[in-house]
Every structure is written in C-alpha cells, then in structure tokens.
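**Student:** The residues making up each chain are set out below.
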Amino acid sequence: MATAYAQQITLSGTVKDSLHMPLEYANILAVPDSTSNKVRFSITDNFGFYRLNLESHVRYTITVSHLGHEPQYAKVFSITENIKQNFIMPIQTSQLDQVDIAYTPPISIKSDTISYRADSFVTGEERKLRDVLKKLPGIEVDRDGKVTANGKPVSKVLVENKTFFTGGTKLAINNLPADAIDRIELLDNYTDVAMLKNLQNSEILAMNIKLKENKKQFWFGDLEAGGGVKDRYVVHPTLFYYSPESTFNFIGDFNNTGHKSFTFRDYVDFEGGYSKLNKQSGSYYTLSNDDFSTYLKNEDYKAHTNQFGALNVRRALTPLTDLSAYVIVNNATSETQRNTTNAYLNNDTPFTEDRITTSQLQTFFTIGKITLDYDPSANEDLALSTVFKIANSTNTDYINTNSIYENNTINTESNLKQLFFNLDLRYTRKFSKNHTATLEMDYNFSNDKPLTDWRTDEDILEGLIPLETDTVYTILQTKKVNIHAANAVVKDYWVLNEKNHVYTTLGTQLAFSNLYSNNNQLLSNGTLNNFDSAGFGNDFTYQFIDNFIGMEYKFQLGIATLKPGIFYHFYFWNTQQQYDLATTRNTNLLLPQFNAEIKFSNGNALDVGYNLNAQFQTVEQLASRYVLSSFNSVFKGNEQLEHDLYHRISFRLSKYSTLKGLNYSIRAAYNKKEKQFKNVTQLDGIESVNTIILFDRPEDSWNIFGNISKRINRLRFKLTGYANYSNFYQLLNSEINKNTSKTVMVKTGLSTHFKTWPNLELEYSKNISLYRAIGLKTTYNTDVLSAALEYDFLKAFIFKIDYELDIFENKDEAVYNTFDNANATLFYQRENSPWGFEIGAHNIFNTTFRQGNSFSNYLISDSKTYIMPRMLLFKVQYKL
Amino acid sequence: MKINICGLVLLFCFSTVFVQNTVTEVTYKTILNFANLSEKMTDKYSKSEINTIVNSRSGYDAFNYTLLFNNYESVFWLNPIEVGMESEGGDNNQVTLYNREKDSKFYKNLKDKIWLENFMSSGDGLLLLTLKEEKVEWDITTETKKIGKQTCYKANLNTGKEVYGYSDMSPDISVWFTPEIAVPFGPKSFGNLPGLILEASIGPRTYYATSIKYNVDKTINKLTEGKPITREAYRASRAKF
Numbered sequence: 001m002a003t004a005y006a007q008q009i010t011l012s013g014t015v016k017d018s019l020h021m022p023l024e025y026a027n028i029l030a031v032p033d034s035t036s037n038k039v040r041f042s043i044t045d046n047f048g049f050y051r052l053n054l055e056s057h058v059r060y061t062i063t064v065s066h067l068g069h070e071p072q073y074a075k076v077f078s079i080t081e082n083i084k085q086n087f088i089m090p091i092q093t094s095q096l097d098q099v100d101i102a103y104t105p106p107i108s109i110k111s112d113t114i115s116y117r118a119d120s121f122v123t124g125e126e127r128k129l130r131d132v133l134k135k136l137p138g139i140e141v142d143r144d145g146k147v148t149a150n151g152k153p154v155s156k157v158l159v160e161n162k163t164f165f166t167g168g169t170k171l172a173i174n175n176l177p178a179d180a181i182d183r184i185e186l187l188d189n190y191t192d193v194a195m196l197k198n199l200q201n202s203e204i205l206a207m208n209i210k211l212k213e214n215k216k217q218f219w220f221g222d223l224e225a226g227g228g229v230k231d232r233y234v235v236h237p238t239l240f241y242y243s244p245e246s247t248f249n250f251i252g253d254f255n256n257t258g259h260k261s262f263t264f265r266d267y268v269d270f271e272g273g274y275s276k277l278n279k280q281s282g283s284y285y286t287l288s289n290d291d292f293s294t295y296l297k298n299e300d301y302k303a304h305t306n307q308f309g310a311l312n313v314r315r316a317l318t319p320l321t322d323l324s325a326y327v328i329v330n331n332a333t334s335e336t337q338r339n340t341t342n343a344y345l346n347n348d349t350p351f352t353e354d355r356i357t358t359s360q361l362q363t364f365f366t367i368g369k370i371t372l373d374y375d376p377s378a379n380e381d382l383a384l385s386t387v388f389k390i391a392n393s394t395n396t397d398y399i400n401t402n403s404i405y406e407n408n409t410i411n412t413e414s415n416l417k418q419l420f421f422n423l424d425l426r427y428t429r430k431f432s433k434n435h436t437a438t439l440e441m442d443y444n445f446s447n448d449k450p451l452t453d454w455r456t457d458e459d460i461l462e463g464l465i466p467l468e469t470d471t472v473y474t475i476l477q478t479k480k481v482n483i484h485a486a487n488a489v490v491k492d493y494w495v496l497n498e499k500n501h502v503y504t505t506l507g508t509q510l511a512f513s514n515l516y517s518n519n520n521q522l523l524s525n526g527t528l529n530n531f532d533s534a535g536f537g538n539d540f541t542y543q544f545i546d547n548f549i550g551m552e553y554k555f556q557l558g559i560a561t562l563k564p565g566i567f568y569h570f571y572f573w574n575t576q577q578q579y580d581l582a583t584t585r586n587t588n589l590l591l592p593q594f595n596a597e598i599k600f601s602n603g604n605a606l607d608v609g610y611n612l613n614a615q616f617q618t619v620e621q622l623a624s625r626y627v628l629s630s631f632n633s634v635f636k637g638n639e640q641l642e643h644d645l646y647h648r649i650s651f652r653l654s655k656y657s658t659l660k661g662l663n664y665s666i667r668a669a670y671n672k673k674e675k676q677f678k679n680v681t682q683l684d685g686i687e688s689v690n691t692i693i694l695f696d697r698p699e700d701s702w703n704i705f706g707n708i709s710k711r712i713n714r715l716r717f718k719l720t721g722y723a724n725y726s727n728f729y730q731l732l733n734s735e736i737n738k739n740t741s742k743t744v745m746v747k748t749g750l751s752t753h754f755k756t757w758p759n760l761e762l763e764y765s766k767n768i769s770l771y772r773a774i775g776l777k778t779t780y781n782t783d784v785l786s787a788a789l790e791y792d793f794l795k796a797f798i799f800k801i802d803y804e805l806d807i808f809e810n811k812d813e814a815v816y817n818t819f820d821n822a823n824a825t826l827f828y829q830r831e832n833s834p835w836g837f838e839i840g841a842h843n844i845f846n847t848t849f850r851q852g853n854s855f856s857n858y859l860i861s862d863s864k865t866y867i868m869p870r871m872l873l874f875k876v877q878y879k880l
Numbered sequence: 001m002k003i004n005i006c007g008l009v010l011l012f013c014f015s016t017v018f019v020q021n022t023v024t025e026v027t028y029k030t031i032l033n034f035a036n037l038s039e040k041m042t043d044k045y046s047k048s049e050i051n052t053i054v055n056s057r058s059g060y061d062a063f064n065y066t067l068l069f070n071n072y073e074s075v076f077w078l079n080p081i082e083v084g085m086e087s088e089g090g091d092n093n094q095v096t097l098y099n100r101e102k103d104s105k106f107y108k109n110l111k112d113k114i115w116l117e118n119f120m121s122s123g124d125g126l127l128l129l130t131l132k133e134e135k136v137e138w139d140i141t142t143e144t145k146k147i148g149k150q151t152c153y154k155a156n157l158n159t160g161k162e163v164y165g166y167s168d169m170s171p172d173i174s175v176w177f178t179p180e181i182a183v184p185f186g187p188k189s190f191g192n193l194p195g196l197i198l199e200a201s202i203g204p205r206t207y208y209a210t211s212i213k214y215n216v217d218k219t220i221n222k223l224t225e226g227k228p229i230t231r232e233a234y235r236a237s238r239a240k241f
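The listed protein sequences correspond, in order, to chains A and B.
The opening position of the first sequence corresponds to residue 1 in our numbering, with each subsequent residue numbered one higher.
The opening position of the second sequence corresponds to residue 1 in our numbering, with each subsequent residue numbered one higher.
Subject to a maximum C-alpha distance of 27 Å in a straight line, what follows is the list of computed DSSO-like cross-link-like pairs (lysine-lysine):
| id | chain 1 | residue 1 | chain 2 | residue 2 |
| --- | --- | --- | --- | --- |
| 1 | B | Lys132 | A | Lys660 |
| 2 | A | Lys499 | B | Lys29 |
| 3 | B | Lys102 | B | Lys222 |
| 4 | A | Lys718 | A | Lys747 |
| 5 | A | Lys16 | B | Lys213 |
| 6 | A | Lys499 | A | Lys655 |
| 7 | A | Lys491 | A | Lys599 |
| 8 | B | Lys102 | A | Lys156 |
| 9 | B | Lys149 | A | Lys38 |
No lab work stands behind these hints, which were simulated from the structure alone.
Build the full structure now, drawing on both the sequences and the hints.
**Tutor:** Written as structure tokens, this is what we have:
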C-alpha cells in the first residue's frame, strides 16, 4: 500500500483590471477546506503576476482582493497538475461610507509567554541559575552576574512575577538553585506587558523565573571562614530563605581583621533599596550620615574585633499588607591611636601642641526597623514604620599632650547609653482625578546618657573649674539629654488643569527636650566637690513649636516646569533653666522658594532652584550653664538663640547619550548667610571657653562640581572637577577675623572593560586647599594615585591587587608626607564547584599610619591615624 | 461611438486617479488585557502590579491611534492629547504612558522599499530608525470571526526570530486581518498579510480598530524628523553601555 506524499502544486496567473491593465499589490489568499493545511497567500508584482505553492489533494477557496476593486473568488483543487488562473477585477462602484466599528476585543485567556523549559536544556550538573542560563541559546552570563539575551541586557529578575530581593540580577543568578527552576521567561518590550510602572524606556528586558510546584521554598547562602597570620580569624555566614510569601536574609560577621562584611550598600538594601529611600525625601541623606553609617565606613583601627549579625525579613501578611523588618546587632572592641600636631594660630604667639590619643572602645548596639505597607485599594496607601536603636559604648582614652603651656597625661573614661525610638505614618489618598492628599506624622523619642570621668595628676582648666588641690584629680560629668519630637504634615495636591497644579501644605513640628548635667571633682578622701558655684550644672528644658502653612504653584511654560512657593512659619519656644523663670519667645518668618526644571528633547536636563532657609538649634546649644566638652575645653549654651537665615541658589545640568557613550553633569550652589550660629572662643594656651551666638555679618560660599565620562570601545575615561570658595568670620579672644578657604580638586580616571584580558582601573587626583586665617596663609597640596588590577585566568582564578599612594604637602610649614598602601588577593573556584579558596595580603607594605589634615576656627591639625598592620589571610568559602 | 470612447477615456482617467490616490484612515484604540483580572488577584501578581494594571487600563482609555494608507504606503502614530505635567502627589499613569509613546511613528513604503520608525530614546533624543525589509512568517489559521462587517482571519507569530523590533523572546503575537481590505498594513509595524489587520495582540496589550474612513483628503508623509540611525547600530551602542 503506497502512502501518498504531500505533493506541491503551483497556482499562478495574472490579475488585471477591467481595462486589462495589470494590477500590482493585489492579494491572493488561498484558504484550505481542512484545518490541517496551511493558509497561503501572495501579492502580485508590477506585471500583475502571482504564484502560490499549494498542497495537492486539498480543496482551496481563493480570494483575490485589491483596494478599490471588487473582490474575486475561485475554488481550486488539483492532484498533480499545476493550475493557471487569471483574474479580472472591476472597479468598486459603490460609494464607500465611513464605517464605525462598535467593537471591543474579548478578554482572552493568554497562554504563557514564550519561555524556555529548563528541563529541555539541562544535564543535571547545574547548581545555580547561572549554570542553567549558560545552556540556553542566545543567552550570555558574564563574571559579574550580568545577563544579556541576543545582545540586550536583562535588567530585572522576577521570581513568580515578584521582584527577587532587590531585583538585581547578580543575587538571583548566583543563588537560585538550578533544580527548583521550571521555566525561564524573557519579557521584552516591557511597556506591552506593563509589569513595572517606572520604566521610561521600552527597550528593557526582564527575566521571570517560574519555579517547580514542589520547590517553591528553598535556602541558599554562603559560608566563609578563614584564619591568618598573627591570630587573625574571620567567620562570615550569609543565608537566604525564599518562598513566595516570605523572604528572609541573615548576614553574620565574626572577625578581628578590621574589615566589615556588612557594607553600607547592605544597609541601604535592608532599608528597602535606593528607590524606596528616594520616596521618603531626605531619608537617604539621613541614612548616609547617621552614626551607624559612619561606623560602617570607618576602617582606621589599630585593632578591631567584632561580632555582628543582621537579619532581614519580608512577608506578605495578607493580600493587601506587606511586612518588612530588620534587626542588626553589633558588639565590637577596638583600639585606635592618633598622633596630632595642632598649630594654634593666635596672632600673639602662635605655637604647636603635640598630642597622642590612644583609645580602647567597646561598643554594643542594636538597630531595628519594622515597616507595614497596606494597600487597600488603588486609591489609598498606608505605610507604618517603627525604628528603634539601643546602644551602649564604653571608651577609655589616654591623651598625652605636650606644648609650651602644658605637659600632661589625661585618662578619660566615658560611657554612653543611647535609646532611640521612632514611629512614622504615611497615608496617601486619591479623592478624585484632580485631588490627592498625603498625611505624614512621626514621633521620635531619644534619650542619651553620656557619663565621663577625667583623671590627671596636673591641674587643668585653671580658673574655669574650681579644683581643690589633690594628688590625683578626678573630674566627673553626668549628662542626660531627653527629647520628644513630633511632626505632622498634610499636603494636598490639586490639578487645576494639565498645565497648572497647586500644592498646599499645613503642618506642625514640636520638640520637647530636657538637658541635665552635673559636674563634680571626686577627691581622694571620697567626698565630692560640686562645680555648681562656678556656673556648671544644667537642668534645662526647651519646648519648641513650629506651625506652618505653605503653598506651591507648579505650571508649565513651553519645555520648562516652574514651581514658585511660599511658606509662613509661626514659631513659639519656651526655655527654663533650673528654678529661674521660664521665658517664652515667638517669631514669624516668611520663607520663599522657587524651582525650575527643563527637560530638553536631546536628553539634557536643567534644574535651577532658590530657597530661603532658617534653622533653630537643639537643646545642647541652648543649655545655658557650663559643661566640659573635653579635657581642654568648656562650653556654655545660649538660651536666647533664635534661628539663622541663609539663601541658597542651586543649579544642575546633566546629559547622557547612549549613542556617544558620553555622560556629563555640572552642579553648582551658592549660599549667602544673613545670620549664622557662631562659636565664640576665649583661648588661653590650649584651653578654651566656648559659647555660641547668632552673628549677623553676611558670609557667602559657592561651590561647583562637574564630571564627564566617555566610553570608547572597552575603555572608559572619567574627569571630575570641584571648586569651592567660602568666607567666614571667626570670633576669637574678643577679636573678629574674616577667614577664607579655597579648594580646587581635579580627578582623572581610566578603566578598562575587557572580557578576557586583565582589567585595570587607574585614578589620579590633585587637591589644593588654601586657607587664609588671621592674616596667615596656609596651602595644602594632596596628590593621590590609585591603581587596581583584576585578572581572571584559567577560568577558575581571580587575582586582584590594588595600590594607593598619597602625597601630602604643606609648603608653608615645610611638611611633606607620603602614605602608601597595597592589598592583593587570589581567589580560586572551579566552575560548578561550591568550594572557593582565597589567600590575601592586606597592607602589604605594613604601613603604620594614615596622614590627614583638618582646619577649624583657630587651629590647623595634622594627624597620623594608626591603621591595622600587615595581615595574611587564608579563607575557605562554601556555597549552599 | 464617439460618446462611448470619450466616456471610456473619462472613466479610465477617473478610475486611475481614484485608484492611485485613495487614502484610507483607520482609527485604533488600545487596552491592557489580562485573563480574569480582578483587583484581588494576588496569587499571580503582586498587589502593586495589580494597581499598575488597573490604573494603566484607565490611562489607555484616552488613546487613539491613526493609520493612513494607500495601496503601497502607510503611516501610523498616536494622536496627540493634552496631558500636561506630572503631578507630585497624584496619579501620573496617563502622563507616563503617553510620554512613552507619543513620539513613536511607523512608516512603510513598499514601492520604494523604505521602512522607517521614529523612536524617542532616553538620552539621545528623537531617533529615525531605518529598517530593513523583513520576511515575516505568519501562521495563518482558518479561524474566522467578524469585526464590524468585515470577516477576519486569525494569524499568529510564534516568534523564534527577531521580528518587528521584538526580540525572539517576546510574548505571542496574534492578529486578526481582513482580506476584504487588501493592504498588508496594520497598527504599529505589523503587516505582511493579505489584508488589513483590525486587531493585534502582543501579550496582553491589544490594539483594535474603531473606525474606517475611505477616501480621506489627507497625504501620507514620510517620516523625516529625528537622528537617522539603523536599529542594529542603536542596539549595539546600548549593549556596550
């Protein structure tokens, strides 16, 4: 029995109009009677000729159509012979009216997007998602965890349609276990799928991982442990747990290497990543400046041991509520040493003081945050968060000071207990298309208890503190600062029409604070000599209320968006020291502001702003009786302080071009201070008495920052420039001097981005600072050269080495210092293996200290800060 | 006899003029189309994604697209609407969606073999992409339905190659075209079928025709604005960055 082959037959012919003129662009459609055969079509050429390949033994209905002509039909069927069929198309004579189609497409059930079934491509040896991706056609994964599909970069990773931790590709690629992956979908032209609201560009590719039914919960992580020369150890576990409802992330770090594995970036991620921070204006800035961030960035210790743990949890409590929380616990012991040469610039008798400060610090702190996000409907949004901080640190300092005025050793013991609590509520409600309102309320409580104990065998602060002669002098200070603060702001956003918006604000800010301080000399016989008679001892309360209303008007003028605004503040404050009468003061202030934004069509953006600012001081600057600030200075606040006042003009221009591989930005700001808070200092030798006043001679400053970067093939060039000028008054020993500071900095950099060759990063910067104080001129010149090399070779090795050279020069004082530091590591990990090994040398040249300089009111300091000695470490890593 | 010849010549002149210059205008609308979407559908999408979808749907309501075509030339764009500024507190979905698409235009000329696309890039301004002729292998099914008065056939594109600017990883593209309007055009860059596409779906986004006007007094203008560049050159520069 011979099987019939599906034979091809040809249907061809010409299509002409009623005047026998050939018709070009006529469509010939061949629809088979049975659904198992394909529909074919063709278009006539300029001779009116067409040709179609059809299946034999199949009946087709032929439709010939052409715009403006009557369609023609035919039926064909052939077994072996080719068919010739010509058509004549008369003109469509009926008048064609406008057709309105009352039609909405039905909601259709869409099959899954084009996806790769992981099982079809894997061999079973793959451990993680990156190993699976490498097996998929057209997909490339580089060392850093960047994925490209046919040249297009994948910028976001979703798991089961939700962002995976922070959404970056690296964490997902390196950690998702291969055996949990069912399908990999690549979502192109994201605007058509519209999963993400904030994407501006439709040329973005996202990857969505679908997990196997029984594998939707899994653990992954890294364990790192190592030891090194001279008793070094490091243990660093990182654990993740994923399930569609909750995610959990733990990072631990136990080491004495001085290096912190929990970085500032990890802290930002715990806080919800950069995008969440940007929504709460001011919060990123606050985060980068808070004491924990400062602690994270500091690496200058002589010795440092710490135990650290951080836990981050996210969970969907109900379909409408999301909970995220983190807690960080840290216990650290460290040793620091700093040798400083202070040049006191009194015009009478300038002199220098040599000071050596060695400290032993023991810190324990806990920070935690809980956030609840509630989205009941498309019109409402509620976010609640609470933050708490508990810290306890003990510090022992030995200060050795030598100068023509004093040769002394002071032993300082201090203990600081801190408690901080914050509750924040943010509610957004959309009333109508033209009106949205937000309510933001927060409450903060802080309680700081610094206790200090100074011990020395020489009489210090003569005439300022009433010391009784003794063999050993022990001075005690107890301080307690307690602040309750609350804020409430209601902002209404009105859309008058597309080009005009009005935003109104109504708010209040309250701060109730209390500062208690007590100073005593503990005599050898055990009795206390209280300093109250010399003006010490505070029991100060300060209550501050600011009620404000404001209005901003945003309107569009051509390509510019302008926003002038005005705020009016009603300030009331109340101060009371001990049993004195309470004083109530008040003032009102009008603060205007203006902002203009222009977005050019070629990608340039310009931003210009102006505002008038005013700030009030905190209770520490107002408490009107003396406190000891340090072994050589005493401070008294000023309860009459009002607000300062300064104008600020800012400017920003930026541009980036993908085609040219170029981007640049320029920022400039000008500040003019009408009234500012000034320290008033009475200096006697190295000892000073300080207070603070509101000074009304104008000061100004401007700064400009620019950077440009350009990519040419595998090289990237960077050029950064910075210039700053400021003038300011100095009130010292009843004299008023105007000082100026000028700084210029230029930095150039080059980096390579090769795939197989080693990559190099080079940077050189020059910084020149000029200070003019009390008629004296000082110039500092700093040159920094840094180089870093990374070489990935033999598929399993990564070698990294970095070097930094700092040259520091102060020509006027004939000071010339160099500081250099180098580190190198070699890492080995075979592909697909969970084991990794690293050997590293830190501070190869065994540099002892880092050089720095700083400038204050009447003092120029040159300091040497001691750093960790050379370390040789060997680490083993295991990937779960 | 004389009258007949004159009549015939007149008819001939009239017919060629009529046939060659006839421009048709089709208006399309667009929606975001998800299976069984309800605001509580959190097992498939997170709640913020559902909010996006719900809000986006209303953002697209005001969009109208125009397609102008004759026998061998077509141009497609989004009709301008007044959207104004982004509000700092409010709902900016329509503004965001409109700003993303307002500069996108598509032009085809089959006679001169010119395919152009206007596209607003972020950072480089308006680009004029020169494209090459594409061989598109539609899978035409025998499934039919009526859209308005026109009988339409369904055609699918199971992408396995890069086509129409979508990479080979794109979601399914399926369209309904009518051979009764015999031009190989449709919304955006879709076409290459023996009939006008009246409905096109790319994943959950659907474009559908709402009116057809014959013999409009409009001209089809070739795209001239923007920086000329080929799609390959643009993609290459982005990949490096």
